[in-house]
Amino acid sequence: MEQDRIRNFAIIAHIDHGKSTLADRILELTGAVSEREMREQLLDSMELERERGITIKAQAVRVAWKGHQLNLIDTPGHVDFTYEVSRSLQACEGALLVVDAAQGIEAQTLANAYLAIDGGLEIVPAANKIDLPQADPDGAARELGDLLGEEPERVLRISAKTGIGVPDVLDAIVERIPPPQGERDAPARALVFDSSYDQYRGVVAFVRVVDGSFSTREPLRAMAQGTEFDAEEIGVMSPARTPVESLSAGEVGYVVTGLKDVSRLRVGDTLTSRRRPAREPLPGYQDVKPMVFAGIFPTDSDDYPELRDALERLKLNDASLSYEPETSQALGFGFRCGFLGLLHMEIVRERLEREFDLDLLITAPNVAYRATTRTGEAVEVHNPAEMPRELEQVEEPYVKASVIVPKQYVGAVMELANERRGTFDHMEYLSEDRVLLLYELPLGEIVLDFYDQLKSRTRGYASFDYDLAGFRPGDLTRVDILVAGEQVDALSLIIHRDAAYDRGRQLVERLREEIPRQMIDVPVQAAIGSRVIARETIKARRKDVLAKCYGGDITRKRKLLEKQKKGKKRMKQVGSVEVPQEAFLAVLNLDSDRKRS
Amino acid sequence: MSGVRHLYVHLPFCAHRCGYCDFVTVVGRGDQHGAYVGAVLAELELHRDVLDERLDTIFLGGGTPTFTEPDALARLLAGLPAAEEITAEANPETVTAELAERLRAGGVTRVSLGAQSFEPRLLDVLERSASPDDVRRAVSTLRAAGVDNVSLDLVYGIPGQSVVDLESDLAEALALGPEHLSCYELEAKPGTRFTRAHGAELDRQADAMEGYFERVVETLTGAGYRWYETANFCRDGERDLRAKHNLGYWRGRDYLGIGIGAVSTVSGLRRRNLPALPRYLAALAAGEEPPCELEPIDVETRAREVLMLGLRLDEPLVLSDVTDAVDEEELERLVALGLVELTANGRGPELRLTDRGRYLGGAVTAQLMA
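Chains A and B, in that order, are what the protein sequence lines are.
Counting in our numbering, the first sequence runs from 1 upward without gaps.
Counting in our numbering, the second sequence runs from 1 upward without gaps.
These are computed hints drawn from the structure, not numbers from a lab.
Treat the numbers as computed from the prediction; the structure is a model and nothing was measured.
It is possible that part of the hints are untrue.
[As the list claims (entries may be wrong)] Think about it this way: if two alpha-carbon atoms lie no more than 27 Å apart in a straight line, the pair counts; the simulated BS3-like pairs of lysine-lysine are:
#, chain 1, residue 1, chain 2, residue 2
1, A, K543, A, K559
2, A, K548, A, K161
3, B, K244, A, K557
4, A, K568, A, K557
5, A, K566, A, K548
6, A, K539, A, K563
7, A, K557, A, K543
8, A, K543, B, K244
9, B, K189, A, K568
10, A, K543, A, K565
11, A, K565, A, K548
12, A, K407, A, K289
13, B, K189, A, K565
14, A, K539, A, K568
15, A, K539, A, K566
16, B, K189, A, K557
17, A, K315, A, K289
18, A, K566, A, K543
19, A, K563, A, K407
20, A, K539, A, K455
21, A, K559, A, K548
22, A, K565, B, K244
23, A, K543, A, K568
24, A, K548, A, K563
25, A, K563, A, K543
26, A, K260, A, K289
27, A, K407, A, K455
28, A, K455, A, K543
29, A, K455, B, K244
30, A, K455, B, K189
31, A, K559, B, K244
32, A, K539, A, K565
33, B, K189, A, K566
34, A, K548, A, K568
35, B, K189, A, K563
36, B, K244, A, K568
[To be verified] These stretches of chain B come out as covered by chain A in the derived footprint (C-beta under 8 Å, 3 or more residues):
#, segment
37, 297 to 307
38, 353 to 364
Virtual Cβ for every residue (Gly too), placed ideally from N, Cα, C.
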């Protein structure tokens with residue numbers, strides 16, 4: 001197809017503002033999917049996404065509208081996945097910015113809009129859910145107009161649910177979004193903006209062809225990594241995989257690579273033809289640096305190889321996931337994994353458990369720290385147990401956080417931000433009663449439950465987004481937990497000095513409750529360096545005997561002891577103490593329990 | 001190869017089944033006592049070949065052996081081989097001068113009295129029919145008949161039993177000067193009538209009762225008794241007053257058990273007679289072996305048992321006898337924790353539990369087992 005009849009666009013929106021519903025309606029309206037075939041949110045192919053009502057992985061679908069080829073590239077809608085949004089946007093010339101007319105602009109609306117503007121995309125704004133009785137289409141249109149510097153009249157008013165205005169959306173895409181401007185005759189170049197793994201066919205790359213064209217069976221090379229392979233199949237998603245003979249400049253589709261090793265083709269790489277290779281790769285993506293880390297351990301140490309394979313598989317679809325082997329004295333062999341944020345971590349954990357049927361133990365998340373030792377050595381620390389003790393300085397990541405709330409909750413947000421060491425930046429009224437608050441906050445203060453707290457203290461009205469804002473020194477200290485004098489590496493944490501005592505106290509109290517009494521007194525301590533800041537003692541059991549044992553009892557008593565012995569093998573050994581895994585789990589859940597109560 | 005030198009005879013009959021009891025018992029059936037004794041003697045005949053010519057010990061357990069109809073009991077005693085120690089269990093209320101005389105005449109050298117407690121309120125909870133005075137009377141009756149080895153059974157951890165109750169029970173028992181005492185913590189088995197009635201109270205008292213075992217040991221050892229087995233104490237002195245029959249179990253000797261529910265372990269085979277009385281009687285009346293379950297005990301299993309049983313005693317266990325059953329790493333750890341003691345003498349390294357280890361004997365043994 002000629003490039004001037006092609007439009008590549010994404011839909012961007014705050015979570016729950018109707019992005020996926022609009023995508024579904026577009027598929028229906030263009031006949032890509034019949035109503036009968038339509039499942040709710042077809043594009044969200046992962047079970048987990050449908051269940052949580054969020055889109056995690058971008059997917060691309062080709063539809064036809066009035067003689068044009070429209071390629072819809074879906075995007076994730078959560079703060080953790082800003083990076084994926086920006087990746088998807090790089091394959092587009094325009095974006096549909098959807099706002100819930102009953103809610104108005106939310107924090108992610110802003111974040112996503114800025115991403116699109118920065119990417120030079122044409123933005124088509126739409127006020128959605130106008131069928132709702134509480135909808136205020138004019139208000140939403142005014143806010144969008146202000147945000148984009150456009151006339152409110154240019155804002156489409158639609159209901160993705162009922163279909164009102166959806167044809168206008170498609171018309172506006174054709175009219176307002178520019179066609180791609182690739183060079184058809186130049187050596188072929190395509191941007192890999194996503195990929196997935198097919199058990200039978202290996203790595204499947206989703207590509208946006210920028211220049212030239214690609215045909216089936218063409219010998220290809222990934223320019224950054226140098227990986228070579230043949231295009232076993234080329235096709236488009238419509239929305240099922242449909243093979244085509246070729247994809248040319250401006251088009252979006254997939255390439256079946258046959259690669260079995262997921263690490264050999266990275267998202268962001270440029271594909272070119274080995275017959276007539278391009279000289280320069282397209283600008284790739286910056287590797288996003290994970291900022292939130294946690295240890296993931298199999299509950300059963302025999303599952304370690306399965307966990308490793310599973311992470312490798314996930315990594316293919318999720319370039320932002322990082323992992324490296326970690327050995328914990330308390331938890332055994334596992335991986336220290338890096339995530340974009342907490343939701344990302346949750347999703348990875350759930351996918352590991354569901355799709356790979358693994359039983360996992362996950363440590364409390366922490367952020368990345370930059371430490372400078374007394375000897376002047378700089379190290380990046382992803383695991384509190386590895387934080388050097390002799391420190392000159394520790395820096396922690398900060399974020400610029402934007403919160404949008406109805407004005408009556410401004411106080412609650414300020415209070416929360418203050419508790420979390422936030423620095424007020426500024427505040428502005430988006431409308432008469434909706435306020436945008438900007439704060440700088442240590443990421444470490446928001447990784448655990450900031451978002452939950454924000455939601456509960458604002459009765460769910462607050463929306464929240466953040467951008468990383470660099471590292472800054474903090475008065476941070478490492479707190480270790482010792483059980484029977486042995487440090488439990490999995491429970492070490494890095495925390496602001498002012499909060500160290502309280503947290504240490506909570507941890508040791510919780511452990512005292514959770515660790516069953518042993519054969520000896522077991523001290524449980526929290527310590528900063530060699531200074532103990534909290535201590536509890538698990539008193540030894542005083543008796544544990546089989547009352548009587550005579551000729552007739554021997555078999556039964558022996559079996560009892562054998563069973564007891566087996567039970568102990570499932571315990572984690574910390575020095576001379578046996579700790580059931582549940583105890584670690586309970587302690588790792590400390591924060592959520594504490595804050596919710 | 002020498003034969004089995006320990007014989008257990010089960011006499012299941014009782015006047016009443018106590019709520020906490022989990023032994024094989026048969027209530028009443030006075031008319032069957034004679035037939036039962038006949039069957040037991042017939043079973044003994046069937047196994048005569050495994051027994052040594054000289055027996056070390058015989059133990060008449062129950063049930064309530066002394067509830068057995070007197071003539072039948074006399075006939076049984078007359079039919080048993082001689083042994084160095086013959087123990088009969090007795091409920092205090094059954095002990096009369098006549099019975100004591102019969103036991104003596106039948107060769108019984110040792111009587112084990114189920115006293116359980118001296119507090120009427122607690123005896124009621126246990127559904128015991130003997131009064132504290134019955135116990136006192138029974139002891140003096142036995143003494144008068146010349147029984148110079150009397151053991152008292154006590155139970156502690158009874159629902160409603162305070163520390164004061166416990167101390168008074170121990171003092172009452174000591175006042176009778178028994179040669180031997182067995183002190184058991186009450187076991188409330190889940191699902192039993194007793195647990196349904198008293199389980200909640202026991203849970204409430206669990207913390208308070210945690211120290212009772214220590215108190216029992218301290219009081220009895222303080223009174224000059226030797227804590228020679230987890231739950232057993234004997235007067236310390238020149239005479240060895242340990243229960244020799246039970247020592248046989250704890251030292252891993254072979255033993256023959258006859259009667260319903262009785263268990264034998266002979267040459268690596270454990271046999272458990274089924275508990276049903278009619279089938280037992282029928283089989284032996286037909287000259288057949290009674291119905292039973294068999295469990296082969298291989299060398300490794302036997303070593304684990306020897307470990308489990310031997311660690312109950314205050315005498316050391318030769319490590320080389322149980323090497324296969326011991327987890328070396330755990331042994332080291334338990335020694336470091338002061339729960340197990342390793343000593344060496346001519347027989348090579350020996351192990352035993354320290355006093356603290358003995359209070360936690362079950363857990364320590366489970367830990368130590370390979």
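Non-conforming hints, listed in increasing numerical order: Checked against the structure, the hints that fail are numbers 2, 12, 19, 20, 22, 28, 29, 30, 36, while the rest are satisfied.
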